[in-house]
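2 protein chains.
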Amino acid sequence: MPQRSKAPQTQYLTSLTQLPSRSRTKPELAILIYDRIFEKSAAEFLSHFPFKFAVTSGESLKTIESFSSFCERLSRSGFDLPARQITVVAMGGGSVGDFAGFFASVYKRGVRLVHLPTTWLAAIDSAHGGKTALNVGGAKNQIGTFYPAASTCLVRSILESSGDRQVVDAFGELVKIAIIDGGAWVDALESSRLHGSALLWKFLKPAVESKMKIVRRDPREEKGLRQVLNFGHTLGHVLAAITQGLFFALEFSHQRRLLKDASFERAMSLMAGLGLVPNPPAKALSAGDLTRALLTDKKREAAGSVTFVFLRDFGRCERKSIPVTEIVAEARRQGWAQ
Amino acid sequence: MPQRSKAPQTQYLTSLTQLPSRSRTKPELAILIYDRIFEKSAAEFLSHFPFKFAVTSGESLKTIESFSSFCERLSRSGFDLPARQITVVAMGGGSVGDFAGFFASVYKRGVRLVHLPTTWLAAIDSAHGGKTALNVGGAKNQIGTFYPAASTCLVRSILESSGDRQVVDAFGELVKIAIIDGGAWVDALESSRLHGSALLWKFLKPAVESKMKIVRRDPREEKGLRQVLNFGHTLGHVLAAITQGLFFALEFSHQRRLLKDASFERAMSLMAGLGLVPNPPAKALSAGDLTRALLTDKKREAAGSVTFVFLRDFGRCERKSIPVTEIVAEARRQGWAQ
Numbered sequence: 001m002p003q004r005s006k007a008p009q010t011q012y013l014t015s016l017t018q019l020p021s022r023s024r025t026k027p028e029l030a031i032l033i034y035d036r037i038f039e040k041s042a043a044e045f046l047s048h049f050p051f052k053f054a055v056t057s058g059e060s061l062k063t064i065e066s067f068s069s070f071c072e073r074l075s076r077s078g079f080d081l082p083a084r085q086i087t088v089v090a091m092g093g094g095s096v097g098d099f100a101g102f103f104a105s106v107y108k109r110g111v112r113l114v115h116l117p118t119t120w121l122a123a124i125d126s127a128h129g130g131k132t133a134l135n136v137g138g139a140k141n142q143i144g145t146f147y148p149a150a151s152t153c154l155v156r157s158i159l160e161s162s163g164d165r166q167v168v169d170a171f172g173e174l175v176k177i178a179i180i181d182g183g184a185w186v187d188a189l190e191s192s193r194l195h196g197s198a199l200l201w202k203f204l205k206p207a208v209e210s211k212m213k214i215v216r217r218d219p220r221e222e223k224g225l226r227q228v229l230n231f232g233h234t235l236g237h238v239l240a241a242i243t244q245g246l247f248f249a250l251e252f253s254h255q256r257r258l259l260k261d262a263s264f265e266r267a268m269s270l271m272a273g274l275g276l277v278p279n280p281p282a283k284a285l286s287a288g289d290l291t292r293a294l295l296t297d298k299k300r301e302a303a304g305s306v307t308f309v310f311l312r313d314f315g316r317c318e319r320k321s322i323p324v325t326e327i328v329a330e331a332r333r334q335g336w337a338q
Numbered sequence: 001m002p003q004r005s006k007a008p009q010t011q012y013l014t015s016l017t018q019l020p021s022r023s024r025t026k027p028e029l030a031i032l033i034y035d036r037i038f039e040k041s042a043a044e045f046l047s048h049f050p051f052k053f054a055v056t057s058g059e060s061l062k063t064i065e066s067f068s069s070f071c072e073r074l075s076r077s078g079f080d081l082p083a084r085q086i087t088v089v090a091m092g093g094g095s096v097g098d099f100a101g102f103f104a105s106v107y108k109r110g111v112r113l114v115h116l117p118t119t120w121l122a123a124i125d126s127a128h129g130g131k132t133a134l135n136v137g138g139a140k141n142q143i144g145t146f147y148p149a150a151s152t153c154l155v156r157s158i159l160e161s162s163g164d165r166q167v168v169d170a171f172g173e174l175v176k177i178a179i180i181d182g183g184a185w186v187d188a189l190e191s192s193r194l195h196g197s198a199l200l201w202k203f204l205k206p207a208v209e210s211k212m213k214i215v216r217r218d219p220r221e222e223k224g225l226r227q228v229l230n231f232g233h234t235l236g237h238v239l240a241a242i243t244q245g246l247f248f249a250l251e252f253s254h255q256r257r258l259l260k261d262a263s264f265e266r267a268m269s270l271m272a273g274l275g276l277v278p279n280p281p282a283k284a285l286s287a288g289d290l291t292r293a294l295l296t297d298k299k300r301e302a303a304g305s306v307t308f309v310f311l312r313d314f315g316r317c318e319r320k321s322i323p324v325t326e327i328v329a330e331a332r333r334q335g336w337a338q
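Taken in order, these protein sequences are the chains called S and E.
Counting along the first sequence from 1, when you hit position 120 you're at 120 in this note's numbering, and nothing is skipped either side.
Counting along the second sequence from 1, when you hit position 305 you're at 305 in this note's numbering, and nothing is skipped either side.
Do not take every clue at face value.
Same chains, same names: a pair is fine if it fits in one copy or spans any two.
To be verified - Straight line, CA to CA, 16 Å or less: simulated EDC-like cross-link-like pairs of lysine to aspartate or glutamate:
| # | residue 1 | residue 2 |
| --- | --- | --- |
| 1 | K140 | E72 |
| 2 | K140 | D80 |
| 3 | K205 | D80 |
| 4 | K108 | E222 |
| 5 | K205 | D218 |
| 6 | K108 | E221 |
| 7 | K223 | E318 |
| 8 | K213 | D181 |
| 9 | K52 | E28 |
| 10 | K320 | D181 |
| 11 | K52 | D80 |
| 12 | K52 | E72 |
Read the hints as simulated data drawn from the structure, not as lab findings.
Between the sequences and the hints, there should be enough to build the whole structure, so can you do that?
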């Protein structure tokens, strides 16, 4: 009796210096969803895939309408295989990963998913942890699944082509996970003499492994354990700057005497060493705007309170439900709000 | 630290004689998706739910477009709660259950789902086992999830209002699961003097429990074990008549000497006792049409072969991958095809 064969045992994370000339996923069994900006630069790689679909990255990709039209496109392409043979390959940044990941999770009730992140932020964060998402109207990530990729392939040449601005954004995530994890690799990060993308590339793998260690303890966000990954996000989301949210959370933790001086200084000098500096907005937020922004955030626990992630030490976070008023007061004290 | 609270421990299956005057699910935490044919007859029950959405049952409900417009409707309704507090209640037949189940599985990455099936077929089969689905273009169930309901509520008065034709359709599923399971309840079914909906109601619970026993051994259809639930489906799908597919599968199993005479006779008299009789189409299928219909079926294993579920005895199925030509030859021998 034929049984559904198990997915081949592959390592979750692979690093390559360049796009493979042949994919380990049999291209004829793959649905390749790729950011159209790679149409030319990755032409040779793309040419191996008979079923490939260019998409335009960004929030407009993450709508149900674009999901619907993608399903129709696939249906017209004549692609048709049993679910267990199919692999969806997602080649792009965060929005492409969210979109293709969601598609893979619901196509024929779930097929194999491989991420090939093309931005540093996707490579260090969004490609890992299994969150997929679409938006509904103006509301972000209202529809989605928890659907971890079978494997993720990090390609140095692709990531290095993504520009310097990308590197700085990713440093925020790198330092966040370094502080949350506090493992031996963080010592190596602090003493590294590398810069920019060379530094990121070197510490990408341990950073991802640190994130995955946390995700695996709470893959569906049922126990609250994954919330430590939101360290720095509370104000970071409002300011649309994770790095600035980290400065706020570190200072807040220190101010509350949860984080002792030495560890606070260590975190600050890690950030300074990466060239990250506090950069309050020229026009500080009003207390009212900040309150509203914090309360519409999905992490709201009950009217008026949010879960805030404090740091007690490298490798030791503490989640507390605190009144929004306390966050606003602290933001004013630190100069982020007025 | 507030943790995501566990779903309250409820029994999976509850039976009620009438719609409850108060729902056990707090109505203000529920998204009630209901077949609009109950607008009047269930007005009192519906009146408890501040967030209720009438839908029109049928295949047109199971499109991504209708999914998309439902998401927009919900978004405009102002409903907004943390995922772990929300329950989706699906009140309707198979299409409503498939649709609402899919919605529950992806809304905020998954919320609690309660089925309130209103047709006998949904009550005995489709509400159980966690399969949710939408169609893409002409292709059925291309998009979906495995997402078991937290509980299913069987309401006698609702089911009895669904008409006699419904009862006969459900008898097909009842006899299928009875033959697959072969437990003690099947003896009771054979000797029961009840008829029609009274008979169905009495054996609904053991039939559902028998299905769930199989589903739980292979919830995501990864091991092939769930395929026994397709007993009778191979030709049943082609003829759009599960009962007729059962006659074919029983006769085929007997013809192949897999099913011994006594068990074959037992199955035939169980079916006869329920008033089910072989009813070949006036115009037999052509061999070519039958071959094409069998090969576009999703259960196709490899070009030219399908997995067919044979019966060896009550409670003992055997899955075999066999050439479509053998099925067509047997269908001609039995008079289903020419």
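Enumerated hints in conflict with the structure, sorted upward
Violated: hints 3, 5, 10.
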